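Protein sequence lines correspond, in order, to chains A and B. Mapped onto the numbering used here, the consecutive letters of the first sequence carry residue numbers 1 to 353. Mapped onto the numbering used here, the consecutive letters of the second sequence carry residue numbers 1 to 305.
Quick caveat, the hints were computed from the structure, so don't treat them as lab data. Note that the structure is predicted; figures quoted are calculated from it, not measured. Note that beta-carbon positions come from the ideal geometry of N, C-alpha and C, so glycine has one too.
Ranges between beta-carbon positions, derived for each pair: (1) A123(B) x T44(A): 42 to 48 Å; (2) Y197(B) x A334(A): 44 to 50 Å; (3) D152(B) x G315(A): 37 to 43 Å; (4) S199(B) x I19(A): 42 to 48 Å; (5) A35(B) x V123(A): 23 to 29 Å; (6) V99(A) x Y197(B): 43 to 49 Å; (7) P201(B) x C41(A): 57 to 63 Å; (8) D152(B) x A324(A): 47 to 53 Å; (9) A123(B) x I186(A): 44 to 50 Å; (10) P148(A) x G280(B): 38 to 44 Å; (11) A123(B) x P148(A): 28 to 34 Å; (12) A123(B) x A324(A): 34 to 40 Å; (13) S199(B) x S143(A): 31 to 37 Å; (14) G179(A) x E295(B): 34 to 40 Å.
Not everything, but these chain A residues come out facing chain B in the computed CB check (under 8 Å): (15) A161; (16) T172; (17) Q174; (18) Q178; (19) M248; (20) C252; (21) E254; (22) L259; (23) L329; (24) G333.
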Amino acid sequence: MFQKNAERKKKGTDEQMIILLWLLLALLPWLLGAAVRTVICRDTSDVIHMTDAWITGALCCIGLAEVLHLLGTFGHLSLSRLTVLWYCCLAVLSLLSLVLVVWTWRRHGERFRILPQAGGNFVLPGLFLLLVLIQAVYVYCASAITAPGDIMVETLRSFQATDGIYQVNPLTGQTYEQGMSARYRILCLPTLYALIGASFPVDGRVLVQNLIPVVVLAGAYMAYYRLARLLFDDNLRKKYLLLILVAMVFWCGESFPWLDGYAALHGAWLGTSIRNLILLPYALSLGIERDLRRSWPCMFLCVLAEACICWTFNGLGMCLLLLAMMAALNKVGAWGFCRRLFSRILGSEEERP
Amino acid sequence: MRELLQSALYGPGSYFQSNHMVVLALGVLLYFAVAGRGLGARKKRLLAVTATWLAAVLFPGSAVILMLYQTRFYSYHWIWSLVPVTLCVAWGGTELLWELTGQRRRDGRRAWRLVGGLAVLLALLLLTGNLGKIQSAEKEQESALQAAVYLDKLPESREMLLWAPRPVLEEIRRHTGEIRLLYGRNMWEPEAAAYAYDSYPMEQQRLFDWMETLEKGDAYEIPLGLKIYLEDVAAVWEEGRDQGDQVLADAHMLQLAARQGAALWVFPDRVTERIALACGRMGQEYGLRARMLGETEGYTIWRCE
Numbered sequence: 001m002f003q004k005n006a007e008r009k010k011k012g013t014d015e016q017m018i019i020l021l022w023l024l025l026a027l028l029p030w031l032l033g034a035a036v037r038t039v040i041c042r043d044t045s046d047v048i049h050m051t052d053a054w055i056t057g058a059l060c061c062i063g064l065a066e067v068l069h070l071l072g073t074f075g076h077l078s079l080s081r082l083t084v085l086w087y088c089c090l091a092v093l094s095l096l097s098l099v100l101v102v103w104t105w106r107r108h109g110e111r112f113r114i115l116p117q118a119g120g121n122f123v124l125p126g127l128f129l130l131l132v133l134i135q136a137v138y139v140y141c142a143s144a145i146t147a148p149g150d151i152m153v154e155t156l157r158s159f160q161a162t163d164g165i166y167q168v169n170p171l172t173g174q175t176y177e178q179g180m181s182a183r184y185r186i187l188c189l190p191t192l193y194a195l196i197g198a199s200f201p202v203d204g205r206v207l208v209q210n211l212i213p214v215v216v217l218a219g220a221y222m223a224y225y226r227l228a229r230l231l232f233d234d235n236l237r238k239k240y241l242l243l244i245l246v247a248m249v250f251w252c253g254e255s256f257p258w259l260d261g262y263a264a265l266h267g268a269w270l271g272t273s274i275r276n277l278i279l280l281p282y283a284l285s286l287g288i289e290r291d292l293r294r295s296w297p298c299m300f301l302c303v304l305a306e307a308c309i310c311w312t313f314n315g316l317g318m319c320l321l322l323l324a325m326m327a328a329l330n331k332v333g334a335w336g337f338c339r340r341l342f343s344r345i346l347g348s349e350e351e352r353p
Numbered sequence: 001m002r003e004l005l006q007s008a009l010y011g012p013g014s015y016f017q018s019n020h021m022v023v024l025a026l027g028v029l030l031y032f033a034v035a036g037r038g039l040g041a042r043k044k045r046l047l048a049v050t051a052t053w054l055a056a057v058l059f060p061g062s063a064v065i066l067m068l069y070q071t072r073f074y075s076y077h078w079i080w081s082l083v084p085v086t087l088c089v090a091w092g093g094t095e096l097l098w099e100l101t102g103q104r105r106r107d108g109r110r111a112w113r114l115v116g117g118l119a120v121l122l123a124l125l126l127l128t129g130n131l132g133k134i135q136s137a138e139k140e141q142e143s144a145l146q147a148a149v150y151l152d153k154l155p156e157s158r159e160m161l162l163w164a165p166r167p168v169l170e171e172i173r174r175h176t177g178e179i180r181l182l183y184g185r186n187m188w189e190p191e192a193a194a195y196a197y198d199s200y201p202m203e204q205q206r207l208f209d210w211m212e213t214l215e216k217g218d219a220y221e222i223p224l225g226l227k228i229y230l231e232d233v234a235a236v237w238e239e240g241r242d243q244g245d246q247v248l249a250d251a252h253m254l255q256l257a258a259r260q261g262a263a264l265w266v267f268p269d270r271v272t273e274r275i276a277l278a279c280g281r282m283g284q285e286y287g288l289r290a291r292m293l294g295e296t297e298g299y300t301i302w303r304c305e
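Bound conformation, chain A alone (with noise of 0.2 Å):
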C-alpha cells in the first residue's frame, strides 16, 4: 500500500516536472527572444509577434549551450559546473530580458502580439490545433526509433556517467584511443540537453527522445506560420489552412530520416530534424522577407544555431546556402532583363507589404 502510495505520487511529481519543463521551454526562449527582438527594433514600431520572439530565444539558448559546450570540452569544466554556470547564465540573461521587456511593454504595449490576430471563426485554428495536440501526443508517447548514426541519447549517458563532455566514446564507454573528430566535438545538443536534464529529475532517455521532440514540433509551426504570416499577410483562414496541410504532410511523409515528417515525428531531437524543421524554414521566411535591415541578425544566429548543432562544411551550412542563394537570385531578378522575363511569366504585380 505504502509503495504504491510512494509509486503514485512520484508519477505525480514527474508530470509536475514534465508540465513545469515544458512551460518553461516555452516561456524562456520566448523572453529572451522578446529582449533581444525589442533591441533589433528598437527604432520601429514593428510588431513583436510570439513566434519570432521564441525562435530568436531558442537561437540564443543554443548559443548559450554552445558557448559552455566548448568550455566544457575544451576548457575541461565538468558537468556539474558547467549546469551551475548554466544557472547563472539564464538567471542573469532572464532578469535583463524581463527587465527590457516589462520596460518596453508599459511604453508601447500594442508592440507584442501574444496571440494571432482577432477574426475569423474557430473551425480551422481548432482542426489545426487538433492535429498538433494529436501528433505532440505520438510524439510524446510513442517509443522512439533510432535513425543511423544518431548517438544522442548515449551521449548523454556518458556525460552524466562521467560528468563531464567527451571524457569517454559515448557507444562504448571507453576511453578515446585515436580520439574523434574536432568538428563533431563541438555540437552543443547534447550538452544543451544534459544541462536541461540535470535542472529536472526526467530520465535523460524520455527527455530527449519524448519531451525535447515536442518542444521542437511546436518550433516548427512556429517557423511555418511565420512563412504563413509572410505568404498571406491578414488572411487568417489561409494561414490556419497552410499550417493544417503542414501537419498533414507531416504525417503523410514520414518513413525516411531526411523527411520532414520523420524529422518531425520520430526524430526531432536530432540536429538535421531542428535544422530542417525550424532553421531552414525561419530562414527562408526571413530571405523572403527582404528586409535586411532588420532581419540580419536573426540570419546570422541561425547561420551560427546551424552551424553549433549540425555537421557542416567547416561551419557552411545549409541555412548560409539558402540565404545566399536568395540574395543571389534577388539580385539576377534585379537585372532589367529578368525582371522583363519574370513579369512575362509571373505578371507583374508589384511588391506587396
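Following the hints, position chain B against chain A.
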C-alpha cells in the same frame, strides 16, 4: 568523385521512391508558372527559390557540388533539405483549395466545400506519401531492455567490460552510461563509426562475428574470415570435424573475449547448453572458469573469473 556522380545520377530516382510528394511540388510550381499571374513579390521569391533549388538537386553537376558542400557525412537525399517541398505543397494546396472551393463566395456551403477539398487533398497526400513504413523492433528491444535493467543492477557490471549480442549492446548504453562495452554500435554501423577515429582490433571483430552467428543462428552465413580462423583454431587441438571441434572453437572464442578484458557475457538463451559446454571446455583448456549469473527473457548472463 565517381561515387558522388553516381549518387547524383541515380539519387533523384531513389529520393522519388522515398517521397512521391515531389510530384505535387512540381505540380504546384507548374500551376503557379502557368496560372500564377499577379502573385505578390514574396510569393514570387518563394517560387523562384523553390524552382532554383529543385533544378540544383536534380541536375547532376550541381547536385555533386551540393553533396561536396554538405560534406560526405550525409547521403544524396539530404541535399533535398534545401528544397522547401513541405512548404511548397502546403502553399500550393492552400491556394488551390481556396480557388477551387470558392472561398471568396460567402454562402453557407463554403465550409463544406472546404472540408471536401481537404479530404481530397488528404487522399492525394496519402497516395503520394509513405505513411507507416517504419518498423520498430519493439519485441526485440523489450527483451534487450530487460537484460539492460538486469545488468544495471549487477555490481560486477561496473568493474568489467560487457560482451553481448547487438540488441543488448545497443540498449545498454541508452539505458545507462555506467557500463562499459567491449565494442559498441560503431562496430557494425558505419554512420556511428564516423564520429571517432578509433578502430577495433581483429580479435574484437572476430568476437563480434562469432556473437552474430550465435544470435542469428543457422540463417546467418558465417563470415569467411571467422570460418577460416575457427577451422585453424579447432584443428590445432582436435582432429576431424565432430562436435568436439565446435566446443573447442567456442571455448577458444570465450577465452579470447576474457583476454580482451570482457568478463561479463550475455548470450541468447537458446544457446545456453552450447555455452555451458564451451565454458566447461574453457576450464580444461585455458584454466578459466565461467558461471551463469542469471537470466532474463531471451538472454542469459555469465561471468568469467
